[in-house]
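Participant: Based on these hints, arrange chain B with the ligands on the given structure of chain A.
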Amino acid sequence: MSRPFTPKVLTANDLLRGDVVWLTEAGDWTRDMARAELIEDEAHAQIRLIEAEAQNDRVVGAYLAEARAGARGPEPVHFREAFRSRGPSNYFHGKQAESDHV
Amino acid sequence: MYDYTDFDDAFLRARVAQFRAQVERRISGALTEEEFRPLRLMNGLYLQLHAYMLRVAIPYGSLDGAKMRQLADIAERWDKGYGHFTTRQNIQFNWPELRDVPDMLAALADVSMHAIQTSGNTIRNVTADHFAGAAADEIEDPRPYAELIRQWSTDHPEFQFLPRKFKIAITGSPNDRAVTRAHDIGLRMVRKDGATGFEVIVGGGLGRTPLIGPVLRDFLPVADLLPYLEAIVATYNLLGRRDNKYKARIKITVQENGIDTVRALVEQDFAARRAAFSGADQVLLAEIRARFRRPEFVTAPTDAFEAAYQADPVFRSWADTNLAAHAAPGYAIATVSLKAHGATPGDATARQMRVLADLAEAFGHDELRVSHEQNIVLPHVHKSHLPALHARLREAGLATANIGLISDIIACPGMDYCALATARSIPIAQQIATRFEELKLEHEIGPLKLKISGCINACGHHHVGHIGILGLDRAGVENYQITLGGDATETAEIGTRTGPGFPADEIVPAVERLILAYLSSREGPEESFLMAYRRLGMAPFKEALYGEGRQRDAA
Ligand code: HEM
Ligand code: SF4
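Going down the list, the protein sequences come from chains A and B.
Here the first sequence stands for residues 1 to 102, numbered as in the numbering used here.
Here the second sequence stands for residues 1001 to 1555, numbered as in the numbering used here.
I should point out that these hints are in silico values taken from the structure, not numbers from a laboratory.
Treat the hints with care, since some could be wrong.
Straight-line distance between alpha carbons at most 25 Å, and here's what the computed SDA-like set of lysine to any residue pairs gives [as the list claims (entries may be wrong)]:
no.	chain 1	residue 1	chain 2	residue 2
1	A	Lys95	B	Ala1350
2	A	Lys95	B	Ala1504
3	B	Lys1080	A	Ala45
4	B	Lys1245	A	Val60
Partial list, derived from the structure: chain A residues whose beta carbon lies under 8 Å from chain B [to be verified]:
no.	residue
5	Arg3
6	Thr6
7	Leu15
8	Ala43
9	Ile47
10	Ile50
11	Ala54
12	Pro76
13	Phe79
14	Arg80
15	Glu81
16	Phe83
17	Gly87
18	Ser89
19	Asn90
20	Gly94
Which bits of chain B does chain A cover? Going by a derived footprint, with three or more residues having C-beta under 8 Å, they are [said to hold, decoys possible]:
no.	region
21	1050–1058
22	1393–1406
23	1475–1486
The beta-carbon is built from N, C-alpha and C at its ideal position, and this holds for glycine as well.
Next up, chain A with everything else stripped away, as it sits in the complex (with noise of 0.2 Å):
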């Protein structure tokens, strides 16, 4: 029952602030989905997520979250995801209130 591998991305909440965070391809953590690595391999995939969870002092609760190719970089696919890379829709806070992506 194997189903083909759909492109992902590898994201946590940040230890400290609690905020969401994307795996980049250097191995560094973001916070602009866009820089994230689209991760199109199935063991790369687990390899990543392995790596992320060894990362217990930085970043909380790594998973795979499905992604696709957008202009700019990875794009959400599922609403929650688009949620998590732009904060609540009732206040402008989170993240579509921060410049500072680094």
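Facilitator: Relative to chain A, chain B with the ligands alone:
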């Protein structure tokens, strides 16, 4: 208000110091997340979608100006300048950073507040009727009992690892404003042969298996409260399932074993415990009663109120919806709506919190309550002060006259904040409130409880809303399911699903069709939505939602 003792203070300080050390060990890497998670949850700290969230208990919903002002300071200093009041009489801060949380807890301890047992499989913050100590229909103030339960349950060694979370609600009135029938234990004060006691309800709850709790004991003398509660929780601790998280709440224990078996076991345990209770609980109860300072109510004319009521239609509209009958002559209970049309239900800015603190001190015998309906109550306002109070509320954007109406919506944080959510709830609440404000219909519609949850956990109480809305994820799209006929009061009922759900852009029109169907078929304005539903049943509402038998397949 109740004054905490030095013992309570030392206990809180010790807990803050302990948590500070745990946070440091987490940041240094000495603790893994798996080790740290239960420790942070014990202190009310969750990790949500966009940030950490700190949940602070407001025991039985009571606080004073100093506490409210401290919440405002915390919101400004360590959060984004606002707080969210919840259906469990807690306040949640949505944006704290991990390093700051111990300081936030220390600031809370400065005003005898904390986040203990707001999470985890323990006895949670005891909730009470938000009109407690003020309501005209009250037999007795339930808060001394709630405080007794709080002291007994806090760090109770036998009950730190229950099969699942455990929630107790209490009311001193026959009219149930505390949703006692949807709690693990509900206590409703009743009188029998001149004595006061509690009707004890067990095994109610919402969530994935919504159940109205059956009565375990129809009359429990007040003096037997603690040994009886202990017998219930001890019975549950042994009998409750630990193999399946979804079957672990006491409601399932009661459902699987039957109320009669549970009753027999509780009574058996109770007999032994009753004998072992030396009477220390009664001494403690007497001390607690003495520490609950009752306001010194004044006798004064209410002419200013009558004059404003006649002269000012805006004040009159607010008075008609937001005031409730007080036990003391000349007084009223004023509910301050945190549901301005289009705002987030239950949110208050730091500035608004300070205004509420000032007003409580100036006009309200320094008392405030948080209601499970996510509003703030000034329980003791002399009627002569109401016009001035109303004017100050207006300046602060707090004078919305909609208590009990369709825009007085309970909504959980949903997917705007909550990591467990399957859909958003806040924007739906905002849109419904805004729409009915445009239609200028809500006063004509009259009493209506609309409640929204962002997932099956039902934090927004949707099952007991006259209209309930549940947000779900249907194949990657937000979808909203409607239930009708729920009731949170002493005539509690779980609502019934209407049929297939609606996408986000169709849910507001669907609610509008329901309301128009009600307005066109009610016998008159005295027949509320719930009464009409009970008389007419589901058919006309289904027709309004789905039209001419055009039933779609289940979404
Ligand atoms: C935002 C983080 C929250 C999380 C992670 C959370 C989690 C949960 C879960 C898992 C349940 C189901 C428990 C069960 O049935 O065993 C539940 C129920 C409930 N929660 Fe929350 N909740 C959150 C926020 C809130 C808020 C903001 C409120 C108040 C507005 C609230 C009040 C309740 C109530 C009243 C219930 C249903 C009553 C019952 O326990 O049966 N929760 N929550
Ligand atoms: S009902 Fe679901 S979405 Fe809403 S707060 Fe509770 S757990 Fe979160």
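Participant: Now tell me, hint by hint, if it's right for this structure.
Facilitator: Hint-by-hint comparison with the structure:
| no. | hint | result |
| --- | --- | --- |
| 1 | A:Lys95 - B:Ala1350 | 22 Å, holds |
| 2 | A:Lys95 - B:Ala1504 | 23 Å, holds |
| 3 | B:Lys1080 - A:Ala45 | 36 Å, violated |
| 4 | B:Lys1245 - A:Val60 | 23 Å, holds |
| 5 | Arg3 | 16 Å, violated |
| 6 | Thr6 | 13 Å, violated |
| 7 | Leu15 | 7 Å, holds |
| 8 | Ala43 | 26 Å, violated |
| 9 | Ile47 | 20 Å, violated |
| 10 | Ile50 | 15 Å, violated |
| 11 | Ala54 | 11 Å, violated |
| 12 | Pro76 | 11 Å, violated |
| 13 | Phe79 | 6 Å, holds |
| 14 | Arg80 | 6 Å, holds |
| 15 | Glu81 | 10 Å, violated |
| 16 | Phe83 | 6 Å, holds |
| 17 | Gly87 | 6 Å, holds |
| 18 | Ser89 | 5 Å, holds |
| 19 | Asn90 | 5 Å, holds |
| 20 | Gly94 | 5 Å, holds |
| 21 | 1050–1058 | holds (count 3) |
| 22 | 1393–1406 | violated (count 0) |
| 23 | 1475–1486 | holds (count 3) |
Checked against the numbered hints given earlier, the structure breaks hints 3, 5, 6, 8, 9, 10, 11, 12, 15, 22 and satisfies all the rest.
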